[in-house]
Amino acid sequence: MTLLEVNDLSIRYAIDDGSAVHASDRVSFSVDRGETYGLVGESGCGKTTLAKSLVHLLDDNGYIESGNVWFDGTLPQWADENGDAKQSVIDDPDKPVREDGKTDLAALTNKQIRDMRWRDIAIIPQSAMNALNPVYKVGDQIVEAILRHEPQTTKAEAHDRARDLLERVGIEPDRADDYAHQFSGGMKQRAVIAMAMACSPDLLIADEPTTALDVIIQDRILEELEKLQDEFGVSILVISHDISVMAEICDRMAVMYGGKVMESGRTEDIFGETANPYTLGLKNSFPTITSADQDLVSIPGTPPTLRDPDPGCRFRERCPFAIEECHAEHPPMYDVADAESTGRLREATDQRAHGSACYRIDELEQLRTDALNEDTWTEQRIESR
Amino acid sequence: MATQQGDSGTDGGSVRRRWEPRIERLKRGWDRYTEHRIGVVGLVILVVFTLWSIIPGVFAPHSTEWIAYIGEPPIESRLTAEQVRSLPHPPAFGDPFFAPLGTNANGNGILSLLIYSAKNAMYIGLAAGLLSSLVGVPLGLISGFYGDTWIDEAIQRFVDIMYGLPFLPFLIVLVAIRGITTTNIIIGIAVTSWLNNCITVRGETLSLKERSYVESAKVAGASDTRIIFRHIMPNVLPISFVFLAQDAAGAVIAQASLAYLGLADFTANSWGIMLENIKSQGYIFDAWWWLLPPGLALMLMAASFYFIGFSMEDVTNPQR
Amino acid sequence: MTRISGKYLAKRIVVSYLTLLVIMSLLFVLLRSMPGSFITSMISSGMTAEQIARIRETWGLNEPLWRQYLNFMINYQTGNFGRSPTYNTQVWDLMIRRMPRTLVLFGSTFIIGFIVGPLVGMYLGWWRGSRKDKSIFSTSLLLYSMPSFWISWLFIWVFNYELDLLPSAYMFTQFPEFQWTAFTVMRDVLYHIALPIMSLTFIGWVGSMLIMRPTMNQVTDEGYVFLARAKGLSERTVMVKHAARNALIPVATGAVVSLAFLIDGSVIVENVFNWPGMGQIIVSSVLNRDFPVAQATFFMLAVLVVVMRLLTDVIYTYLDPRIKFGEGE
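Sequence lines, in order, name chains A, B and C. When the letters of the first sequence are read in order and numbered with the numbering used here, they come out as residues 40 to 424. When the letters of the second sequence are read in order and numbered with the numbering used here, they come out as residues 493 to 812. When the letters of the third sequence are read in order and numbered with the numbering used here, they come out as residues 20 to 348.
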């Protein structure tokens, strides 16, 4: 069952000179209940912006240009005793609630979305290490979240729950009375995870959950997340540039480049049946332990600035396979299985199916073979095209 | 970039290449600066005051010796009793004389005094600001660079001692010792106002010292002096300019406060003395044209320094 | 509650004490370097050499300078501040009488300034760059640029001379028509202190605002502010509880700097309003070369600053749980 359905979401940052950064451009994806979904891409590709925009946490100059974020859950005052949207609210044309009870988060006001933050969607920020307030006890910060969304809870109950949560992520309950500076890096990360689970949200957004940690602790944190997912049944939206982490934990994922989804589908498909030049390049540039003597090949050039971009394919400047068509318009999502079996391009209709935004997926075999060749990715070759 | 280095060989090109980024940086800084309206306003005010100090004769309707009813020196006649009673005279525009901001009790034109006094305030502000930066910045640099050694400890204890001495009374003592001249007032202000610069620069240096480029300079065997002046000072200078501006503002006010207490160089024209005169001659509440202009001028000059300082702080703040 | 170790406190007290000793020595030298001796005012032209010698003897001026210095330092250890030639009274009594008056004026402006300043700084820093921030910030800089005696005059002009609402000088009504009771005394003092406090706070709050504004602006980018928002807290709670609470920490450090600014301000304001406090006599005693009084007033103000610094440390540990004074030394 779908928990979150993002449709054609475009996010922009206004710039003083009147132009705008198209941080995310007509992005669509969906997350099922209990599933781990990944957004992967280089830094600056718009994945963090996308995640923050779901709960209106963009910087001041960022705004949602268009699109919907349908979420299976609604404001407390619009819900019946089961937590579903009331029929009267669904029928009310002024309220952004759909037939199936999903609410359009993009259409909520800031005041409204505040009631849904943390209660329905918790977010572990990129700098989780600095996310604990240094002047308050860690336990009190968890209690604050509980009391905000469940005002009927007593303080003592909330404190008990905070201790219990800390224990669940492997921190001694008594440490609730400590301050953040008394915690190690890994412990801070766990404490933030515990805090995220305080109100048993349906969706947990983890922004680069492991980037600042060393490898051993990375692994433990990932295990922790998986354990919590089993316990609470929470869906997790992971954002990372580290495709090896993503391969490990995600059920499905989307590969983003320059504010666009380049390829999406099940994790096995994306890594096993890679169908996009960008994903091919990304795979090349990451080491795998199993093939120790593999040469790493990076994609030449730098990501585009996204400031009022032209309509062509976002990746074409760095793509060794770019053709005339790529300059005219960014390709739509094509159904990969279809292209492979029929050899013809057909726009994907099912968001879940393996899709790729490339005009040349009808020649996939050729692309994959060429991509393995180091020469393909040298700067001169791309520039001389 | 390796590719860019290969293609220009001439000397002119290399000079241009060396200076271009700096000019570019200056230009960008200027653009950032002009984004702040108060920064621009501050500059405009300062330019006006600078012109007043350099060529007061162009702006002032009279000289400072001009006396109402009689005119410019040489003074040959005396004021009648009736004329004396009409002083200080409110603004007059030609009848019986021309003094747009009125006169003081001696019959001097307020506007002319105001314009001729700009030089004094400007001189004291800039000199005292510069001097206290010259004391505070190097001491802060040294203190920060040798953080947690006896050198740092000694400088910091000295700062503590200076903080224990109330600024204005201490200034009075200093000025009294050396005699009341403009130069001594400037020295007195500098001696008492370098503390904040020193503390801020020290803090900044302490954090700069931990940066990797300083570490690598150390590893490369650079001497302490080289590290301080070559690597740390360029990064500290921008905030020093901010402090220079603030100290200048503080000095202008301090000089006026001294004048209020009767400690001013009465041979020079200054706004502080104009205000001292209105107090000692007892016209504070009777001659607004005499009370307001010098105070406003002091305020505007100090404010222009603050405006410039705070706008510059924003330009030099690497975080924004 | 605080995390200052006894050892650290003891060390700080010793250092503060030594600082005071150095300040006193410095003062002794400086005051005596001023032209004119403090008995100049007592000597009239008709005096015989013998009479002058007697005066010199009475005030201990015939002893060598080092002896005078030693006497001075030793006397101060026992609280013996000497006699004032101009006020013709024990300096200690003068201090006891005047210190509370200064503290009332100074303390209330300090407290008001440190409530208003950080509060305004909080709002301006939170909305830095907005039109409101720009206009309020530039206005406050204008206030900060006013000479304190001039703004005092303007206040007197408006509230005393024109409106006749508030008295412009002294601490008490000179020839009261009412009975002196505790209540009327309080009311009378409040009535007289209103204008001095207004003049002083009018410019005095800006100092702490100037520290609060940029630090507040910096913490808005911190991870915990983002997380507080993500938790669904209202903007107000995020600003006050999470951002401002952290931004206050550097303001505590800056308190000492603002203190110096306020002392200057109150020296001037006391002189303008004839407020019979320390600020008034510190100026007159220096100008009249009344060394015992000058030394004592400087000493008391130095003690005030030193005590405030100690207090700041305590407040600091309370504001920032990361700071532990005295551990790891």
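What the hints contain is simulated information worked out from the structure, not anything from laboratory work. Where hints are given, some of them may not hold.
[Unchecked claim] Quick list of simulated restraints, FRET-style, between CB atoms:
#, chain 1, residue 1, chain 2, residue 2, range
1, B, D640, C, S24, 29 to 35 Å
2, C, T272, B, V627, 18 to 24 Å
3, B, V536, A, A118, 56 to 62 Å
4, A, D98, B, V536, 58 to 64 Å
5, A, T341, C, S24, 34 to 40 Å
[Claimed, not checked] Short derived list, chain C residues pointing at chain A, Cβ under 8 Å:
#, residue
6, S35
7, E241
8, G242
9, Y243
10, L246
11, R248
12, A249
13, L252
14, R255
15, H261
16, R264
17, N265
18, P269
19, Y335
20, D339
21, R341
For clarity, every value in this text was computed on a predicted model and none was experimentally measured. Glycine residues also receive a C-beta, built at the ideal position from the N, C-alpha and C atoms.
Original post:
Are L246 of chain C and chain A close enough, Cβ to Cβ, to be under 8 Å, as the hint says?
Top reply: 4 Å, holds
Subject >> Interface hint for N265 of chain C, Cβ within 8 Å of any Cβ on chain A >> reply: 6 Å, holds
Original post:
Would the hint on G242 of chain C stand, with a C-beta cut-off of 8 Å toward chain A?
Top reply: Holds: closest Cβ of chain A sits about 4 Å from G242 of chain C, inside 8 Å.
Original post:
Are P269 of chain C and chain A close enough, Cβ to Cβ, to be under 8 Å, as the hint says?
Top reply: Where the cut-off is 8 Å and the nearest Cβ of chain A is about 13 Å from P269 of chain C, the hint is violated.
Subject >> Proposed interface contact between R255 of chain C and chain A, which counts if any beta carbon pair is under 8 Å >> reply: Because about 11 Å separates R255 of chain C from the closest Cβ in chain A, which is outside the 8 Å limit, the hint is violated.
**OP:** Note whether the CB distance of V536 of chain B and A118 of chain A lies within 56 to 62 Å or breaks it.
**Re:** For A118 of chain A against V536 of chain B, whose Cβ atoms are near 60 Å apart, the range 56 to 62 Å holds.
**OP:** Report holds or violated for the interface hint on A249 of chain C, using the least CB-CB distance to chain A and a cut-off of 8 Å.
**Re:** This hint holds: A249 of chain C lies near chain A, its Cβ roughly 5 Å from the closest one there, short of 8 Å.
Original post:
Should the hint that Y335 of chain C touches chain A count as held when the rule is a Cβ pair under 8 Å?
Top reply: 12 Å, violated
Original post:
CB of T272 of chain C to CB of V627 of chain B, is that within 18 to 24 Å?
Top reply: 21 Å Cβ-Cβ, so the 18 to 24 Å window holds.
**OP:** Have a go at the S35 of chain C hint: is there a Cβ in chain A nearer than 8 Å to its own Cβ?
**Re:** 27 Å, violated
Subject >> Range agreement (Cβ of S24 of chain C with Cβ of T341 of chain A, hint 34 to 40 Å) >> reply: Since T341 of chain A and S24 of chain C have Cβ atoms about 53 Å apart, the given range 34 to 40 Å is violated.
**OP:** Mind checking the CB of R341 of chain C against every CB in chain A and telling me if the closest is under 8 Å?
**Re:** Nearest chain A Cβ about 5 Å off; hint holds.
When the structure is compared with the earlier hints, violations turn up for hints 1, 4, 5, 6, 14, 18 and 19 and for no others.
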